[in-house]
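Engineer: Chain by chain, the residues run as shown.
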Amino acid sequence: MSKAGSGAAAGQPLLKIQDLHKRFGLLEVLQGVDLDVARGEKVSIIGPSGSGKTTLLRCINYLEKPSAGHIYIDGTLIGEKKVGDRYVHLTDRELARERQEIGFVFQRFNLFPHLTALGNVTVAPIRVLGLSREVAELRGREMLQKVGLGHKADEYPERLSGGQQQRVAIARVLAMQPKLMLFDEATSALDPELIGEVLRVMRQLADEGATMVIVTHEIQFAGDVSDRVIFMDQGRIVEQGPPRDVLGRPSEARTREFLKHIQDR
Amino acid sequence: MLDLPEIYTENIHRWLPELLYYSLTTLKIAFFSFLLAVVFGVLIALCRISHKRVIRTLAVCSIEVARGLPIVVVLYIVYFVPPQLFPGLDWSWFDDFTGAVLGLGIHGGAILAEVFRSGIEALHKGQREAALSLGMTPAKAMTHIILPQATRIVLPPVGNYAIGLLKDTSLCTLIGVNEIMNGAKSIAFSDYQPMAVFVLVAAIYFVMSYPLSLLVRAMERRMRVAH
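Those protein sequences? They're chains F and L, same order as listed. Going by the working numbering, the first sequence opens with residue 1, and the numbers climb by one from there. Going by the working numbering, the second sequence opens with residue 1001, and the numbers climb by one from there.
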């Protein structure tokens, strides 16, 4: 059904999610999600709003604390550790260390407005990894170049278009050299004519072998770029598989309904 | 009957040096109590947004108490109460100047805490999330991402507070500090020239506070460029 584990790196998956639950008060947004993502795999998650896909993504780097279940990256528990046979939450410092490995691209970019594009890209390498300013700026310029914004290094975010801001946000994540990149509806806040430039950068990263989990409404992009598409609804994974199956001939009625609804839009 | 120009030409050579000397004390009180208020303000604001309920409650209480009291009452309590509470200690170092700085600083800390808190909370939560997702600890996110932005936001209200504080130093007269208002009072009544002296004092206050208000405006402008 899935290609997980069949990639170049055999053995354990890079990302492993076990029986993840998340409740907000009485509302159970995630109702037991299991998911393995292999190294280098690109997984797209689609589904109606409120299906829990963004929450799932936010749980992976512990921006949301799961109510139950466990997440592993490279075999390491995320957000908690095992003491005896009990699971204990990590300290702020330990959690921060784990998050360095997980890049997160937000729907609303969340660039730091008081820093230039280069400042945005270098602040974490300097403050978190402890790189010297020179090394960080070298790496930062390289990353900005990679997303096609080498010439905008000294601009502040408010002088950049939405598409450019999102590309800087991607460069900011790349500068931390994460093992895994999460994209939370990275193009949903963009004007239609700016979506293409961000998708191009994402496609380039995919081609270079990055491991990516992408929550998106861009069905066609999901189909083109992913090894696997996951359809979520009401806090559960309903269906998953190669894009041509899930998007082309879905086996679940709910998937067909969702895809039809999207196409009618 | 009241020939102000003549009064000034006759007396200004005596009044002005004395008033300028006292205004130095005014400036010193304002400066040191401002620094103290900023330090207290940041600390109380951070307590105010703490995840620990006890710390948060303590912060809220201190803010509400300080806001609910007239500055004069705070000054009286800070200056007169500690020596009475601990009569065994050596209080010789605790002069009216120290009491004034401490009193205004504590009161200002509570006022600024609310300003700082609103500045921090004005930032979208995405800023903090972005910092955390890049591997910053909450403390680093606060230092490198949140506070630099909050500073820009709170600059105008903090500047206005500073201007107000400069003028509020006149209340220190009441615990006996020899600042400009106290000096003016004694000159005015010993020379029987209240009008001339107080007009002069008003002018001196204005000369002190107007550059401050220009400075605040200039800083606002410069910060806005880099926003």
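Among the hints, a few may not be true.
[What the hints assert, rightly or not] Using C-beta positions, here's what the derived DEER-type ranges look like: (1) L:I1049 / F:I262: 25 to 33 Å; (2) L:A1122 / F:T91: 26 to 34 Å; (3) L:A1122 / F:D19: 53 to 61 Å; (4) L:R1222 / F:S132: 26 to 34 Å; (5) F:K81 / L:S1213: 32 to 40 Å; (6) L:S1050 / F:K81: 45 to 53 Å; (7) F:P48 / L:A1122: 53 to 61 Å.
By construction, these hints were calculated from the structure, which means they are not laboratory data. The beta-carbon is built from N, C-alpha and C at its ideal position, and this holds for glycine as well.
Engineer: Take the hints in turn and mark each one as holding or not.
Structural biologist: Checked hints:
1. Evaluation of the 25 to 33 Å hint for L:I1049 and F:I262 yields a failure: the beta carbon distance comes to about 41 Å.
2. Our hint of 26 to 34 Å for L:A1122 and F:T91 holds, since their Cβ atoms are close to 29 Å apart.
3. Checked against the hint of 53 to 61 Å, the pair L:A1122 and F:D19 fails, with Cβ atoms roughly 39 Å apart.
4. At roughly 28 Å, the beta carbons of L:R1222 and F:S132 sit within the given window of 26 to 34 Å.
5. About 55 Å separates the C-beta atoms of F:K81 and L:S1213, a value inconsistent with the hinted range of 32 to 40 Å.
6. Range check, L:S1050 to F:K81: Cβ separation about 24 Å, and the 45 to 53 Å hint is violated.
7. Take F:P48 and L:A1122: their Cβ atoms lie about 33 Å apart, and the range 53 to 61 Å is violated.
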